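**Q** Residue numbers (UniProt numbering), protein chains in the order written: chain S, 1 to 149; chain W, 1 to 149; chain X, 1 to 149; chain Y, 1 to 149; chain D, 1 to 149; chain F, 1 to 149; chain V, 1 to 149; chain H, 1 to 149; chain R, 1 to 149; chain E, 1 to 149.
Simulated from the structure, these hints should not be mistaken for laboratory data.
As the structure is a prediction and not an experimental result, all values here were calculated from the model.
Take the hints with a grain of salt, since some may be wrong.
Among chain V residues calculated to face chain F with C-beta under 7 Å, some are [unchecked claim]:
(1) 38
(2) 120
(3) 145
The beta carbon of each residue, even a glycine, is placed where N, CA and C say it ideally should be.
The residues making up each chain are set out below.
Protein chains: 10
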Amino acid sequence: MEPFVTKSEAAQIVKVARTRAGLTWAALAEAIDRPAPWTVSALLGQHPVPKAEAEKVGDLLGLDAEVVEALQAQPTRAGIGDDLDDPTIYRFHEALAVYGPAIKELIHEEFGDGIMSAINFKLDVQRRPDPDGDRVVVTFDGKFLDYRW
Amino acid sequence: MEPFVTKSEAAQIVKVARTRAGLTWAALAEAIDRPAPWTVSALLGQHPVPKAEAEKVGDLLGLDAEVVEALQAQPTRAGIGDDLDDPTIYRFHEALAVYGPAIKELIHEEFGDGIMSAINFKLDVQRRPDPDGDRVVVTFDGKFLDYRW
Amino acid sequence: MEPFVTKSEAAQIVKVARTRAGLTWAALAEAIDRPAPWTVSALLGQHPVPKAEAEKVGDLLGLDAEVVEALQAQPTRAGIGDDLDDPTIYRFHEALAVYGPAIKELIHEEFGDGIMSAINFKLDVQRRPDPDGDRVVVTFDGKFLDYRW
Amino acid sequence: MEPFVTKSEAAQIVKVARTRAGLTWAALAEAIDRPAPWTVSALLGQHPVPKAEAEKVGDLLGLDAEVVEALQAQPTRAGIGDDLDDPTIYRFHEALAVYGPAIKELIHEEFGDGIMSAINFKLDVQRRPDPDGDRVVVTFDGKFLDYRW
Amino acid sequence: MEPFVTKSEAAQIVKVARTRAGLTWAALAEAIDRPAPWTVSALLGQHPVPKAEAEKVGDLLGLDAEVVEALQAQPTRAGIGDDLDDPTIYRFHEALAVYGPAIKELIHEEFGDGIMSAINFKLDVQRRPDPDGDRVVVTFDGKFLDYRW
Amino acid sequence: MEPFVTKSEAAQIVKVARTRAGLTWAALAEAIDRPAPWTVSALLGQHPVPKAEAEKVGDLLGLDAEVVEALQAQPTRAGIGDDLDDPTIYRFHEALAVYGPAIKELIHEEFGDGIMSAINFKLDVQRRPDPDGDRVVVTFDGKFLDYRW
Amino acid sequence: MEPFVTKSEAAQIVKVARTRAGLTWAALAEAIDRPAPWTVSALLGQHPVPKAEAEKVGDLLGLDAEVVEALQAQPTRAGIGDDLDDPTIYRFHEALAVYGPAIKELIHEEFGDGIMSAINFKLDVQRRPDPDGDRVVVTFDGKFLDYRW
Amino acid sequence: MEPFVTKSEAAQIVKVARTRAGLTWAALAEAIDRPAPWTVSALLGQHPVPKAEAEKVGDLLGLDAEVVEALQAQPTRAGIGDDLDDPTIYRFHEALAVYGPAIKELIHEEFGDGIMSAINFKLDVQRRPDPDGDRVVVTFDGKFLDYRW
Amino acid sequence: MEPFVTKSEAAQIVKVARTRAGLTWAALAEAIDRPAPWTVSALLGQHPVPKAEAEKVGDLLGLDAEVVEALQAQPTRAGIGDDLDDPTIYRFHEALAVYGPAIKELIHEEFGDGIMSAINFKLDVQRRPDPDGDRVVVTFDGKFLDYRW
Amino acid sequence: MEPFVTKSEAAQIVKVARTRAGLTWAALAEAIDRPAPWTVSALLGQHPVPKAEAEKVGDLLGLDAEVVEALQAQPTRAGIGDDLDDPTIYRFHEALAVYGPAIKELIHEEFGDGIMSAINFKLDVQRRPDPDGDRVVVTFDGKFLDYRW
């Protein structure tokens, strides 16, 4: 059989190829007309990339056909603890440790017993200028699902 | 020595007393003039509650003096895995598993090498009406800190 | 403050009281007009029991007011590993280990990228007579949710 | 000695080859006249595939002889935690966390002390149309085994 | 409600009461006309003890009614790692680490793909005199179950 | 230096070579005049195989010299958790979870404080015909060692 | 039933009672005519203490009858990781991490394939004067057991 | 850059080369005039080997220059759990589980609060003839370090 | 026997009593004429407190005799992971994750193969004013110990 | 695509190349005019190395272009437990286990509720001569961040 690459090998290759090509993630997202957070996570292997978008990215980054094929494959999504210790990611988990039970109480008070969907879901990352130092503002936005038998 | 209660015992007592008093978290937050997410996490033991606010809550909920004292104590903050499996909290950790590496890439692209602070930080929980089902919108808002030797 | 009981203490008490009262789970479910699987998991602390149903169960089992109060409280739901080793429960996790990746492939083939909801969800446990030995038939029935940005 | 491939390498190869061949799992199952869930899990390495069926699949997917050989080998079956975090699989484990103790109570009430076999066992995955959104219906069907000394 | 004891508290009480009564496990097993290994594991909380046998043991050991009641309750069975480190138990797990894969190969060679049931199962512990030092002989005896769809 | 293979690579090679040669484990054991359980575990890397026996097996299976060399090397023996989840092996660990404390009590009652050796030890795997389904009978037979200062 | 104490409660009580009585472990060991390491580990719950010795210690330390009874009970021995982090104990595990594989090689070179028994075993702790600082000298002394089928 | 080998690859190569050369560890230790336990652990990667000794061993075993280079490199020392399950090594950890708290008490009684150094430390492995079976005698000998602020 | 308290109970009591007495840790340290970091860790149970100092603290905080006794007892020191998740403590472990391998390289370059002692060791915590925000300066100061056979 | 190397492969290569070049870490740090601890951790993959410095190091050590490229890439920083067991690194974690809660108390007493930043942070490693043995002095120096909503 012809050789193939896994989705995590593809993610490694995309990261190096993007740097060598001198392209930003924002530029890649714009090229395929998708939001940046979706684009980055999809190219890192967390979503299947539709054929047209995968080929567009393949052209821009000069990827082999096997890499473009891998980008389209259905992922088994990444484990929760995999990058937990990286400080940039850890701070979000720490915030959930401190504020998670409060978020839970407020969701139940406002909506009743249920959850915020992580599937019917989108996320945004913004920079907000602030005289005391600019701020990272990340918004989690998911449909409420109530426990419904 | 007089008896005392721990912060986690105090959190348990506050939850039961709030239900018995028929008060919402929002009402408690308003009574002490603090944002709701801060108020809930502080009363659940994640922040020291200043004396005036602790006493105000004590009056509203009919708490014993030892409970009011415990609310004011400096916490050792909760572990990341403690409530991880609860579905309402888990979905946030799952979203970080799927999107965390993308958030990291976008922070580095926009700000350079560094993190969002989880200390100089605030958080908001809102309901956004939507014809396809209302949405839970949670905003993480922390100061950017760059790796600076 | 008046004493209170936790949801897991309440679950222990319900199990003993049910045995002493000589009542089946099926009878309790019928008494509150709910499906048996929902009734059992709710009385074991996995769902908040509405006031009327909690009081009905309290009457049938002779529960103290604090236990009836605990049944109504919002749960933090049980951890995945808690009873994993019990053989009756383990076989289900083992079946998921063997067939989980196949279930995933078939869901993606039939529905596309997404999940079966565990929130908009119901479950049934039945006995099916079989000449080679009766069979346990457990049905997981949840709404499909597609990854939708 | 001639080269050989492991069962997990064979599973990877089958997944890529199936996509390249443009065949569904359902079509593969039909070709070897086996139920789809059995077929998928067997081709992913969880069951030994009989010689005739392995060769049939090898013909359809253009597999090397070593891959066809690997499909026939006796597996050491997959660990429970291996894909646990993938959302599509996780929801089933979460449902067991919430409802597992209730399933256990109902099995004991109906059958006495014992288990549902995961060996004398079959599983079905169906789509059920529903105006509120189609549903994933997964049925676990195993022989009851009582603790019998 | 009247007080109650858990099955693990009952097991602790049985162990102390047996020592104080000066009775061997063998004598208890004989008194209830059951094999010794079944008797000991049941009294330690791994099996529900039928009412007559539980009361007989209660009489012999002078147990309170709540303990006799606990012996009859359906157990959630003990976790695999709980006593793993105790040297007397560890040696059996070590033997499985060394010989487990060989046992697996021989079962598959003799019976085909399947398992030894741990439910339709019995176990014996014997002493075999030997001039080089007497031997502990433990027999695992379970029905073969083949993977049968 | 000349190339070499590890004991776990050798075990993989032996398994494939045995299948290709169409030889049973029993036939290999007979060829080297050793009990089957010892032979299988030794060839899977759990015991050093004496030179004559290793070469005999090498001839029968057509193994390279480096594989024959690896079979003779002193092993670092396999970890307890390595194959724990495979159902055929798991049932033995589960039986120890349920009956281990009872085995321990009966050993102490019969022999005093001590253990069954897992070193001065042998093991047998047999099939016992039974009208209700044939049975797997595995015997652990080890010298008793008492705690002796 | 009369109250009882567990072996670990007994160990706690012995430690406090010994300090209050102003007796050294050496004096206790001498009083019951046993080596000090055996005496200490037995009183801390790792060995059953014979009746005469338990009562002698009970007299010297003023222990209640239930504590004396607990000292005589058969232990389930302590887990390997329980005190691992205490620096005084950790250094021994660290030395095994660094030198364990070398000890293994030297035992196999000198004795063949087998182990040092931890059951037919004794241990000594000594102080050796040294001008560069006195030294702790701990000797592990166990019977060699060869793998013997 | 020229190729290089890691210390753990070097350890693997040394073990095979030593067997092929038919040399004992004792002979290697004598050749470089170092104690056997130090020599074995150093060649297995736990200590940097000085240049002269590394080259001497390289000559005796016919090692490549990159292997000799790797032997001299500063190690990151091995993890405590890496070989824990191997029975020959496990018995030492088990002995520490049983006797570790007693060793700690005796060190504190004799020396005060402090530890045995695992750095200013040596270890010896001896065979002691015994009519009941020869014994493995391993001596840990480290400088006492007291907690000194 | 008279009641007693454990060292960790004593630590809890000291923390509450100190707050109620309105005394700083610095004041307690000055009162017993010891450095503040030593004083705090000793009162939290990490060092035995000499009798005079324990009694002095007991007088200042109004501690019961059993608490004063507990402060003097030899500790089993705290586990590494116990408070790891608390953000104030976590940042130090994170700094070690990022810089630990660099610290190791620099120690080896400057001193050779060995370690910084954590026993012959002291630690200081200072505030350093800084126009960009005051800084926490923590100094680890331990004797170098070289690997010396 | 052209080949590439990961940051951890680059770190391995740098370590070997530095030894072969006979250069100290101090010399490398001086060559790029950066503090030694920063330089070492950056070259070991914990910080992105700016282009000019990466190329300078590449020239000094004769690194391939792909290695120089890898040094400049943004890292995912190392996990906390990765090298924990190495004695030179472990002693720092052990000191945090013993003194961490005291450091926390003193930071809160001096600064209020907050943390030492591990991002706006620098670290120094020094040798301090001492007649009783020279000392390793490591200084953690980070900006105080208070919990500020």
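**Q** Now look at each hint and say whether the structure bears it out.
**A** Hints versus structure:
Interface restraint check: residue 38/V against chain F, minimum CB-CB distance 5 Å, threshold 7 Å, status holds. Restraint check, residue 120/V versus chain F: the minimum CB separation of about 5 Å is within 7 Å; hint holds. Nearest Cβ of chain F to the Cβ of residue 145/V: about 5 Å, under the 7 Å cut. The hint holds.
When held up to the earlier numbered hints, the structure conflicts with none and fits them all.
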